[in-house]
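2 protein chains.
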Amino acid sequence: MRQLQQKLAIARGESPAELLFKNARVVNVLSGEIHDTNVAVDDGRIIGFGDYKAKRVINLRGAYLAPSLIDGHFHVESSMLTAPEFARAVVPHGTGAVVIDPHEYANVLGLDGIRYVLESTRNLPVDFFIMLPSCVPATPLETAGARLTADDLKLMIADERIAGVAELMNFPGVYLGAKSELDKIEVGKRARKAIDGHAPGLRGKNLNAYALAGVRSDHESVEVEEAREKLRLGMHILLREGSTERNLAHLVPLVNAHNAANCSFATDDKLAGDLVGEGHIDHCVRKSIKLGMSPITALQIASINTARHYGLRNLGAIAPRYWADFVVFDSLKKFSVRQVYKRGRLVAEDGDYLARNPARVPLPRSTMNLRYAAGDLAVRAHGRKKIKVIEIVPEQIVTRTAIAPPKIVAGEILSDTGRDTLKMVVVERHRATGNVGVGFVRGFKLRHGAIGSTVAHDAHNVVVAGTNDADILCAIRELERMQGGQVAVVNGRVKAELALPVAGLVSDRPLPEVMKRIDALNAAARSMGCDLAAPFMTLSFLCLSPIPELKLTDQGLIDAVNLKRTGLFV
Amino acid sequence: MRQLQQKLAIARGESPAELLFKNARVVNVLSGEIHDTNVAVDDGRIIGFGDYKAKRVINLRGAYLAPSLIDGHFHVESSMLTAPEFARAVVPHGTGAVVIDPHEYANVLGLDGIRYVLESTRNLPVDFFIMLPSCVPATPLETAGARLTADDLKLMIADERIAGVAELMNFPGVYLGAKSELDKIEVGKRARKAIDGHAPGLRGKNLNAYALAGVRSDHESVEVEEAREKLRLGMHILLREGSTERNLAHLVPLVNAHNAANCSFATDDKLAGDLVGEGHIDHCVRKSIKLGMSPITALQIASINTARHYGLRNLGAIAPRYWADFVVFDSLKKFSVRQVYKRGRLVAEDGDYLARNPARVPLPRSTMNLRYAAGDLAVRAHGRKKIKVIEIVPEQIVTRTAIAPPKIVAGEILSDTGRDTLKMVVVERHRATGNVGVGFVRGFKLRHGAIGSTVAHDAHNVVVAGTNDADILCAIRELERMQGGQVAVVNGRVKAELALPVAGLVSDRPLPEVMKRIDALNAAARSMGCDLAAPFMTLSFLCLSPIPELKLTDQGLIDAVNLKRTGLFV
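Taken in sequence, the protein lines are chains A and B. Residue 1214 is where the first sequence starts when you use the numbering used here, and the numbers rise one by one after that. Residue 1214 is where the second sequence starts when you use the numbering used here, and the numbers rise one by one after that.
Keep in mind that the hints are not guaranteed to be accurate.
Which copy? The list can't say, so a pair holds if one copy fits it or any two copies do.
[Said to hold, decoys possible] Straight-line Cα separation of at most 25 Å, DMTMM-like style, residue types lysine to aspartate or glutamate; simulated pairs:
hint, residue 1, residue 2
1, Lys-1599, Glu-1332
2, Lys-1601, Asp-1682
3, Lys-1268, Asp-1325
4, Lys-1268, Asp-1629
5, Lys-1235, Asp-1563
6, Lys-1392, Glu-1227
7, Lys-1777, Asp-1744
8, Lys-1708, Asp-1249
9, Lys-1402, Asp-1256
10, Lys-1406, Glu-1373
Bear in mind the hints are in silico, worked out from the structure with no lab data behind them. All values derive from a computational prediction rather than experimental measurement.
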């Protein structure tokens, strides 16, 4: 009360403000216009427009001032960075808030993962809002570290930084009326919070049912008619442009001033290097303007629309009572962010991160609980019976099923580099079940060695593909030693590695080191023969059992079309 | 759960819907476009778009189907109708929901008034959402029936039909930081509900402070630059077009597709006759389109924008999960509502109200507690000292101060019809304090008799203006007998009257009778010499102490500029 009364006195002009941003061209996403004014700020809040006395004056000399940018849907684990290092990557690009779905943390650590995310995302120059993961585990065909039911979500939904229920990926479960899924939606409804969808390709009557069930958004549309149908049904459309999923070019034609209030930008998954190099939501704004969107509309989509949809208080606009979170830039066309302010403090300038990150929070518990033996990797031949091989489709998360003759030595099937048919192993790592899935994969083109990762969607078990068992075992041991990570091994020696001790998903190292190590891993894979653009990302999606066509989990080969286990032999 | 699962089966097309609205041109306020489709409805809800089997098919043959209209700010007491009779007036015009501020009920009955409103507005073909009155009493310069503090508002804020805190009319109190007012705002903030403003003419730094305090809307702008300033500051703009306050023509130029999401329509106060004759929000839509607004924008402002701002669940759009509340019409330009559906039921057609109103709820307690004597009306002259006279400004709620020589008979000042200087009396009616205010008024031009009302903003005491004490006393007695109302008396005989037994504000009679009696009252006043357009409305505003310049309350003459009592004599 006292604080507010002091601020009101400042607003009335009776005492000086802390800061005055003078000669700003304010991008006013509320009145939908650009107007020249001065913006008074005190104690991190915008106080008012006009001529104010202030202890410090920042003369913007006619530069644009827009609200900081907001990502409407992001899996922060995809950057493999802790929240403070993620901030280091995106704040210089003007990001002020992100709505994250800690789906990977939750699959490994359950509610403890969400609690870690809540703790580790405080007091940063980016505000984090968290959607409660709704699909843990993603399917019963892999062994995750946790299981979250509607009752679990209820425990956390009231927290003011919880923005709702995250993407309901089990969309058939929703439209078919599975109680488990409707219960999760009900948790969000009761709390009057957002309920995110995920329904790639869903159209027509089943989509009607999905919307009717209460799902309020979608970020999976890849073409305009699908997005239009969802928009008509009352779903907030997240225009996605991530590292691999790039939908803006297709979706921008859908958006106009009459419907933009129901659109947000999102990146979904974006690698550290892409965040730093290409940008974050600023890239979405730039690209949308280039594609013909009006700059006001693009900046509304990048700010207030997302803040409103997810109920992010006092974020997304420049007006009294809002946080003094804004970006300064010089050209509407180029939209290159020059300065970034958070709560009125300069936190980035000319690409440099100026904030001081808070003390590190304790890492969550170790998540590497493996039980396996060298013998688990052996695959006995069935005569000369041919085998099913997972065939990588470059830059896609779907795979195909190839059929190959086995390379048999002493009754066992080995990797066959001549036919690019490598052994692939998935070792359960959460609860030491002893589950080891073994299969074969085509597309990595490794000539020697093995590559491995504990990032392996969605259960994030240990996954390794290699040319020989010794190197595969070496990779597994190295991943165990690092408490999770990614590794490239040749002849029993580590060529490159990135430790991911935070849940086996995220590095605890600074951004530059992480980027360097990722580059080194990719270079190592290249030197081993791999020509994929992102071999470790490709590897991490080979376990994703809900996505067609053939996958491998700790439970064995998965027919991901019919969602059931399948045998190796044809 | 079971019900939802059944609806999902209908949405999937596995069982027939109750209703199918075929060949509709849907005005889709979400995607901002008009598209042809069929709309399936079951159990009052929209199920989906497309080809559905249904038990009953309504062929719209290409007619437009738009969401029912919503009034963002209305004092239902201004219609002098109970909620069911108000519904009878507005439903044929396409109104599906109203956000009301029961400011008058609360001034008379306090929380009991709000409870009565909650009860009496259930199960009608209009959804009522209630803002909690924030200014009861309006000022300490009149004696109201109740006093509501922030603690009182807290008792009711959680109710799901309470949409927030009503207009903070004490705007200086807010921007100056009065704890009582900030506490009321805090009640709305905590509940994450709407917080309405009322700041006529407020601009600049004090407006910044008003917005900073947390006020989120305004409906008092009468010119475009004032509204633009408020819009820029993050205030939702209610474009008002009521019986007397007509702001659309001035404000429509402000609105465009980029900012329309922050606008709603409102009527504030509208008489029964005007609602029936001219229309309600449909009139706002028609007029806005005529003034150049795009029909899509006008219909968004009339529906989804208001539903979102006030958090009205499942209202304001045609899409799955929304209530099947819609209007059918044939021309976007004319926008003449032909049919109105509520929860899928036809409730009005071609101007006829087809709904059956629910059983009447018990009226609230009697509110007529008067203590007065004939002698209280006497005004002793002070020699020949001139007197201050309240001068009516036709069609305005402000008044001026006139100075007149008194007409003295036997040492007492009497009404002076020759100079149009009538005696005016205000008798406190809530708690029998015995307070009687006496003054003089110019502008009614009555040649004989008296007119009286228990609608008298904002404390709603008994107010009478007349040419002689006998008729004034007769009017007071008649108002007492009727338990509140409006009356015209000549020579001790009632010429016309309307009983308002519901809090002395509202009739318990059907709409046609109320309209007839209002016409008779106006005709009687005309026959008595009055040439004002709405003499009883004018009379009702002569007590409104926060509005300049000279007013009369039960506490005496009020200098409404300096907000203090003042003497009769110059």
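Right, here's what the structure says about each hint:
1. For the identical chains of this complex, Lys-1599 and Glu-1332 are neighbours neither inside a copy (51 Å) nor across copies (75 Å), given an alpha-carbon limit of 25 Å.
2. Taking the closest pair of Cα atoms, Lys-1601 and Asp-1682 come within 25 Å of each other only inside a single copy of the chain (19 Å); across copies the shortest separation is 105 Å, beyond that limit.
3. Proximity of Lys-1268 to Asp-1325 under the C-alpha cut-off of 25 Å is found in neither arrangement, the shortest distances being 44 Å within a copy and 50 Å between copies.
4. In the homo-oligomer, the alpha carbons of Lys-1268 and Asp-1629 never lie at most 25 Å apart, since the shortest distance is 72 Å inside one protomer and 63 Å across protomers.
5. For the homomeric pair Lys-1235 and Asp-1563, the shortest alpha-carbon distance inside one copy (20 Å) is at most 25 Å, but the shortest distance between copies (58 Å) is not.
6. In the homo-oligomer, the alpha carbons of Lys-1392 and Glu-1227 lie at most 25 Å apart only across protomers (18 Å), although the nearest pairing inside one protomer, at 58 Å, exceeds that limit.
7. For the homomeric pair Lys-1777 and Asp-1744, neither the shortest alpha-carbon distance inside one copy (31 Å) nor that between copies (85 Å) is at most 25 Å.
8. Within a single copy, Lys-1708 and Asp-1249 get their C-alpha atoms no closer than 56 Å, and across copies no closer than 61 Å, so neither meets the 25 Å cut-off.
9. For the identical chains of this complex, Lys-1402 and Asp-1256 are inter-copy neighbours only, at 19 Å across copies versus 34 Å inside a copy, given an alpha-carbon limit of 25 Å.
10. Within a single copy, Lys-1406 and Glu-1373 get their C-alpha atoms as close as 10 Å, and across copies as close as 15 Å, so both meet the 25 Å cut-off.
Violated hints, in rising order: 1, 3, 4, 7 and 8; the structure is consistent with all others.
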